[in-house]
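> Going line by line, the protein sequences match chains A and B. The numbers in my numbering rise by one with no breaks, and the one at position 134 of the first sequence is 134. The numbers in my numbering rise by one with no breaks, and the one at position 160 of the second sequence is 1160.
Rather than coming from a laboratory, the hints here were simulated on the basis of the structure. Among the hints, a few may not be true.
[What the hints assert, rightly or not] Here chain B is said to cover these stretches of chain A; the calculated rule only asks that three of the stretch's residues, wherever they fall, bring their Cβ under 8 Å from a Cβ of chain B:
hint: 1; stretch: 10-24
hint: 2; stretch: 148-154
hint: 3; stretch: 272-280
hint: 4; stretch: 300-307
Glycine residues also receive a C-beta, built at the ideal position from the N, C-alpha and C atoms.
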Amino acid sequence: MRAYIIKRLIQIVPTLLGITLITFVIIQLAPGNPAVFKVKMATQGQVASDAVSKQIIEQTKKLYGLDKPLPVQYLLWLKRVVTFDFGNSYKDHRPVMDKILERLPITIQLNVISIFLVYLISIPCGIYSATHVGTWLDKFLTLFFFILYSMPNFWVAVVLIMLFGGGDFWDIFPVYGISSIGAHSLPFIPWLLDRLWHLVLPVICLTYGGLAYLSRLTRAEMLEVIREDYIRTARAKGLSERVVIYKHAFRNSILPIITLLAFLLPGMFGGSVIIESIFSIPGMGQLGFEAVLARDYPVIMAITTISALLTLIGLLISDILYAVLDPRIKLE
Amino acid sequence: MGIEDRKNLTYWGMVWRQLKRNRLAMVGLFVTVLLLLVAIFAPLLANNRPLVLYYENHLYFPALFDYKKLHNVDFKELKEELKPGEYAIFPPVPYSATEYDLTATLEAPSKKHWLGTDDRGRDVLARMIYGARISLSVGFVAVSIAAVIGVALGAISGYFGGIVDHVINRLIEIILTIPTFFLIIAIIAFLPPSIYNIMAVIGLTGWTGIARLVRAEILKLKKMEFVLAAKALGASHARIISRHLLPNAMAPVLVSVVFGIAGAILTESSLSFLGFGVPPPTPSWGDILSQSRDYIEFAWWLTIFPGLAIFISITAYNLVGEGLRDAMDPKLFR
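Given only the sequences and the hints, what does the whole structure look like? Please build it.
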């Protein structure tokens, strides 16, 4: 086991190098470098004389090391990244890590609530469907989750805003930001309620897709397991249905649900670009989106690299959990 | 059905027979075909030029051809001036996707504009009909790119094994772990706006699933005796892969291609929604939806209809994909 974990950890290194290299090359090859972009920002659309703008470009390039050849730039960047120093943002010159740490709590908040709801609702639904195959409620849930699964989340977000965010229909939920103006001066309980109030619509948008997916997965896995011989044996020896379903069947169908963990971890970090930008939530997704718009390379590379690292760790954790929970699996 | 009947069926015949029994999948298939027809015949469904025009003793088909004589003619004005005996037949939606009318902005659905108009008075239905072209062509081309790369790399990796397999596996792992949608936005934002860039980027990031499927199939197949026989006959590697192995590994690829089209349509509309889609004034579903955000308080038709179009096409492809997957399950062949 330990040997396996060490081997996997060592394997992470070349993969991560590949990821940083690919991201770096793509971003550098793309037209529109930040120095030119900066001139545009500085002159605010006014026509600056060629000499002046050239000077600004040269200065900016030197400031960020953009005048050095690409391999050198990459190595310099890599050297700093090893210590989690992703440099300064081109936009406001603040350290990238500071900006990320500032945004991270909000994204984690949203995702923890959403993941909790996904598991809380989908597992009972999936088990119910699998143990009541063919009933009208099973048919309804199956169809409902199928429809839910195919709905684009940006559409759901816009429709929810249209229905509940004022306008022609109801005005129930706020649709902007994560708290009301001046909420920081409220005592804890009203502050918390205000925060939750703001999170209702975005959390729905972040949750329903995973909910539908996991319900369908749980149902399918349970159905597979229930057909096994040992379930018949368990029933034959007179165990109660509850013990058969929860102790024998569910425990064995839970494995693929665990694999999902690998994909939840990076989501917790990266957030959702679309949902965060629709609801103006100052989380990681919005940070990434703003970085893309401003060609803020250090921020883009930091988000990509850390997300990829977390995915790799998530994959490793889910593999290990698999082996721990299922004694049939032997890790080499 | 007797055993004799079953013997005559090919593999794909059996799959088709299974698929026909699945009502939801057939609905999905019907919708995908319908959408495809809408996309192909868009100029005949929504156009400000008549399909047939009988004018000054001549028969014209302005929706199909350009006539020198009718250059820069406003056909709607022309229709008013037609003499008795002359006629003009317009398509069901007598508007083009880019034709604007500033006197009719943000109108709710009516007899004149079935699905309303947008902020420049453009007919929403006409834009959606042409939007189907964008969504479907991005879906098909992107997935074709992904399939070609996935099949090629998967086959090479499974067949040759060793260091080649190792390198390709690392590459797959790298692409899998990169936050794909974020990367796509970053690349698209840096490139000049064009539908071809969108197709290429979605295709280049979406081949890993297919590659893994093909690799697994090839690993299974290459130990079979027919491969040994082909080798004994002196067939080259390329011939063994392309003639003997790949045709037997295609079934799971088809399923994942169908799901891939749904995914590519979703990605394209998300990109358009964020403003990184096809450059204006080309209509696309995501783009209409993104405009709707400015008028969200009242213009519900701008929100509901394009969203439904995206949702219905994704659902249809997902239904077909699931139906195919079930139909190919050998446990279900009866």
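> Please flag the earlier hints that this structure goes against, numbers listed from lowest up.
Those not satisfied: there are none.
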